[in-house]
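A.B. asks: Got two chains here, separate frames each, mind docking them using the hints?
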Amino acid sequence: MAGTTGMSRRQLLRAAGAAAAGAVLPGAFAGRVSAAEEVITLAIAAPMTGDSASMGLNAQRGADAAVAMINAAGGIAGKKVAYDIFDDQGSPREAASVARRILDADKYAAVVGHVNSSCTLAAMPVYSEAGIAVLCGSSSNPKVTESGWDNIIRMTIRDDYGAQQYSAFAANNLGRKKLGILFANDDYGRGLRDEMVKAAKALAADIAAEAGFTPNADKDFSSVISDFKAKSVDAFMLNCNYTEGGLFLGQAKGVGVAGIPAVGPDSLLYDEFISLAQGGAEGAYILAAYDPYSQAPKPKAFMDAFQKAYSALPSQVAVFTNDFFLLAKQLMEAGATPQTLVKAAKDAKFDGAGGHYEWDAKGDVKGRTFAVVQVKDGKFVSTGKSVDEKGLEKLRG
Amino acid sequence: MAYALEQLSNGLAIGSIYALIALGYSLVYSILNLINFAHGYVIMVGAFVALSLLQAGVPPAFAVLLACLSGVAIAVVVERVAYRPVRSSNRIVPMISALGAGFVLSSLAQLIWGPEVHPFPQLIPRVPLTVGALTLSSQSVVILAIAIGLVLAASWFLHRTKFGVAAQCVRQDLEAARLVGIPVNAVIVAIYALGGFLGVAGGVLFAMYFNAVFIQMGLLATTKAWAAAMLGGIGSFQGAFWGGLILGIAETGAVATFGAAYRDGVSLAVIVLVLLLRPNGLFGARLAERS
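Chains A and B supply the protein sequences, listed in that same order. Numbering-wise, the first sequence is residues 1 to 397 according to this note's numbering. Numbering-wise, the second sequence is residues 1 to 291 according to this note's numbering.
If you are wondering where the hints come from, they were derived from the structure by calculation, not from laboratory data. There's no promise every hint is true.
Said to hold, decoys possible - In silico DMTMM-like cross-links for lysine to aspartate or glutamate, where the CA-CA straight-line distance does not exceed 25 Å: (1) A:229 - B:264; (2) A:308 - B:116; (3) A:346 - A:146; (4) A:349 - A:333; (5) A:379 - B:116; (6) A:231 - B:264; (7) A:300 - A:271; (8) A:376 - B:173.
If we strip away everything but chain B, and leave its shape as in the complex, we get (with noise of 0.2 Å):
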């Protein structure tokens, strides 16, 4: 019992820091329909850029408020050069233009900071929380709960600010929106703001849970953005949050009961499943697809 406890908090530690990337990841789609290849590697320049300035001495809240910031700019500039002049393209020019955004992304990344895994330094301390005959780290329950904290924030941000009206506004119709006067532009630069600052968030979490930051970083987190959000529901907001936790949930089963092997395996094979039985994920079936 103990041990299933254990594993369920691996799971939902891991689950936590997949749900807050495949948040921005799902922000960006709910609005413009445009799968950003990009996010991954904005938030492993991120994930960098906080290891620098915690190297360079910064106090680490101050640190980590500023390598979010910094996944801000990024994310803004990224929009900027790469999205926005195509973005009344074809789909599948705004893709490609992603994921040319994210190889020059992590092409530099691996200038400035090298090929190899780096250390990170552990900010949550890591203690061993041992409740009756379970023994958590003290990292995976801090982890959750930010997760959390952050997601509440940005649900608030989202449904009960005027900004969060109007991003819903740009969502359903982007050309009604811009002629109500709703400024489309400024809206969706924020909209991929707060994505780069929740990713770099779930970034530096992810880097500290697993000591390392590494280049293969961007992509990863890509992928399991892109999973959790097919599996809760793509472009659904709650569905990306859920869709994470449960992802990685699946994966620490799957490495506990059939080994480390199974990890991504298992996992697909969740979502494979869930999409052929409900095509819109768990949580995106009130969104029509939008065309």
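Just chain A, with the same shape it has in the complex (with noise of 0.2 Å):
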């Protein structure tokens, strides 16, 4: 295992080097990409090693997917698109240098990435330098919009904004006000937390019990649960993976506590969830920032391709580069160079395999809420509910 990574990784970073090397010499003639150039290239940048090497092969099979499809309808205004990958390892120390990499390359339209929050904000400020477009997917953390970089746009729904989503789903959809939260005792699992309880208390709901696990590590929840059931929680929030997620709902069944809703994030959309709840899972609700089981017909034909191509479910990482892709199409092919791109984003309304998009002035989704998928006889399936955000405005000013 180790050895095939450690491969895969130096390979990647020679062909990476071996792309800026290239770049150097019509990058001296042309500077960025101009209207003469026969091919307009984008850099990904996204962790392709380490832990979260996942996401980065998911932006790899979205991008593919798009570029295909682009290519096939004859281009960007009849330029063809192609991508260099940059391999972050998830690290902001390498999210750095790749930033540097990837504008001494000089050739590159815009920037698709970084998945890591701490990457995408460890690399910002390079980019910002240069003004190059970031068309960010899955960072979701509220400082990448508010740190005042005008170059950079997201598709993912910002984690205050998320989290406050699901104590809304749970206490106006569900109409429960004893909440339950479980959450990963880790950055993002406590910073979700601490807008969960926030918007619980903006919407008279009460946080009845909590408990913080250690990721990775517990696997027992059989007193949390004991907790909970004696404090009359009456939704579980589930702020973790599918692994922790599956394991507390099919523990919970087995001491007979039954017939309480689960609300929890994207993070426990893998099938995964359901076979470790072994049934405790049945009718949970899941909040996610795409509905990969959507009927529509855009998101539909993505993902029958996409499951075809990989026998696997196109994570959001794989959804919003590929709409990434494709929204560069819509811009240039209006008029955009990749030096007005992130301005005419803001402008623009878009629609991809991910959705409706469009964005405010800071560079976040606007008027994006989650997809309620649920589990259903042990499967996903897409509820076509939307969260019930009454009461949350006092929150966001």
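C.D. replies: What follows is the structure, given as structure tokens:
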């Protein structure tokens, strides 16, 4: 295992190095992509190795799908589209150096990435110096768009708004008032938890109980379940990954705690969530940044093609990467240049595989709420519901 | 009140699993003074074997028995390959060798079964048992019963049989035992085998109670076994059992009182306290440290 990832990383670095070297010469004459060039190249910055390497793989697959589709339909205004991948290894330090390499190559119309918020935050100062367009899919930390950079837009729903929507769904849609929060005891999990608590207060719901666990280490939730039960929690807020979420619901079912709806983020949207819960996940609600089970034509076509090519469900990274390529096509065909891409996006309306997008002045998606997926008969199904955000306005000023 | 009793039952269930795992660990330590870092990994592989057999359609009771026997086989192989050649070396050497054996087992398991968490079938039905205001999981009750049964059986085996007496002799003085004609190697192998058997039994209960088998379970089991054995008095047989139970109850108490993040902190604090006040653990006072 370690050997093969080491290999692929070396190969990747070599490929990236070669790409950078090859780009220097033409770059000296042409500057950034101009109308005279034959190919429009985008840079993808994502973790191809390391703990989050599966996200990088998804980014690559999403890009492949988009490039194939765009080039088959004649490219962008007659020019072919291509991409190069830069591996940030999911580490902020590497991300900053990737950013330098992308700018030094001087041939990319835009950067698609990074995936991890910490990487995006580390690389953005470099990108913003040069003003290159950054199309960021999955970095959900509020700081990504709150730091004053004007060359970035993102697709996912930011953590603070997302966390508020979990509470709103439980309180408004399900009418639950005594929430029990299970959260991963790390920066990300605690950040979400704080916002969920704030939103619950605003919605007059009570956090009856909460429990933080050590991610990837704790597997025994029996005492947490006894605690939630004793405090008559009427909704489980599962702020965690599918492993812990599934185990929690399975163990709850084992002591007869049933009929309490669970609400969680799209990190639960894996088949393993259902199998680990061994029947306990039935009826659980998952709020996802895009709806993989939507029957609308664009998402469905993408989903079917992806399933067929890789026999796997595309993660949001794949969908967002795909959509950014299509967005670039739409905007550039309408006359945007690499320099004006982000500004044009903020004025545009766009429909992609992940649904409808519009962006506000900061670069956050506007008016987008989570798709609600539910577990029914041991399978994920789209409910077509959306989160009732009534009462959240006062938090957003 | 019902709440406290429910938490106590959670603690007893997880504690009796720790106890079973700690027994095998403590057995090996008492005979050889070897900190058997591979023990948890043997258990993890055993649990995966049980999972594979069950998936292949082997009847549950038979599958669990076979898995326990696979634990015996792995423990024996590990003893032969990693421990026996270095048994008379400096104490550090077998310890490192044990650690190495653990890593090999964990990598092998990852190659075969992959790094994901696998769901484990529920062999003991999980039905809620309601007694008055109290709701217990049927599983925790059965797990406690199985643990007590296995501990009693192993205890009888070690104290009332000829083999058990031989093991006690080896424990007191390995060289003297050899001189009076006790087949020392056979006894040691048998101790490892017994440890592997009990360990995998604990591992299967562990997997079933948590719904999950996963690679990191090996390290987790080693750590908990080590902690339980230290708590009870390392090398003491009853000590490992009570140490496991107390560790389970302390952990559950910590989660219920302070929150899940304090699980390991509080249980380790209990161990430090016990060792400060009773350096030989709760039940280890009778045994003088053998050098």
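A.B. asks: Take the hints in turn and mark each one as holding or not.
C.D. replies: To see whether the hints hold, each was checked on the structure:
1. Under the criterion of a C-alpha separation no larger than 25 Å, the hint pairing residue 229 (chain A) with residue 264 (chain B) is consistent with the structure, at around 23 Å.
2. Simply put, residue 308 (chain A) and residue 116 (chain B) have alpha-carbon atoms about 23 Å apart, close enough for the 25 Å limit, and the pair holds.
3. In summary, the hint linking residue 346 (chain A) to residue 146 (chain A) is supported, as the alpha carbons are separated by about 16 Å, within the 25 Å threshold.
4. Distance check on the hinted pair: residue 349 (chain A) and residue 333 (chain A) sit about 14 Å apart at the alpha-carbon level, within 25 Å; holds.
5. Proposed proximity of residue 379 (chain A) and residue 116 (chain B) is supported: the alpha carbons are some 20 Å apart, at most 25 Å.
6. For the proposed pair residue 231 (chain A) and residue 264 (chain B), the alpha carbon gap of about 24 Å is at most 25 Å, so the pair holds.
7. Among the hinted pairs, residue 300 (chain A) with residue 271 (chain A) is consistent with the structure: their alpha-carbon atoms are about 19 Å apart, no more than 25 Å.
8. Taking the CA atoms of residue 376 (chain A) and residue 173 (chain B), the gap is about 63 Å. The hint is violated against a cut of 25 Å.
Checked against the numbered hints given earlier, this structure breaks only hint 8.
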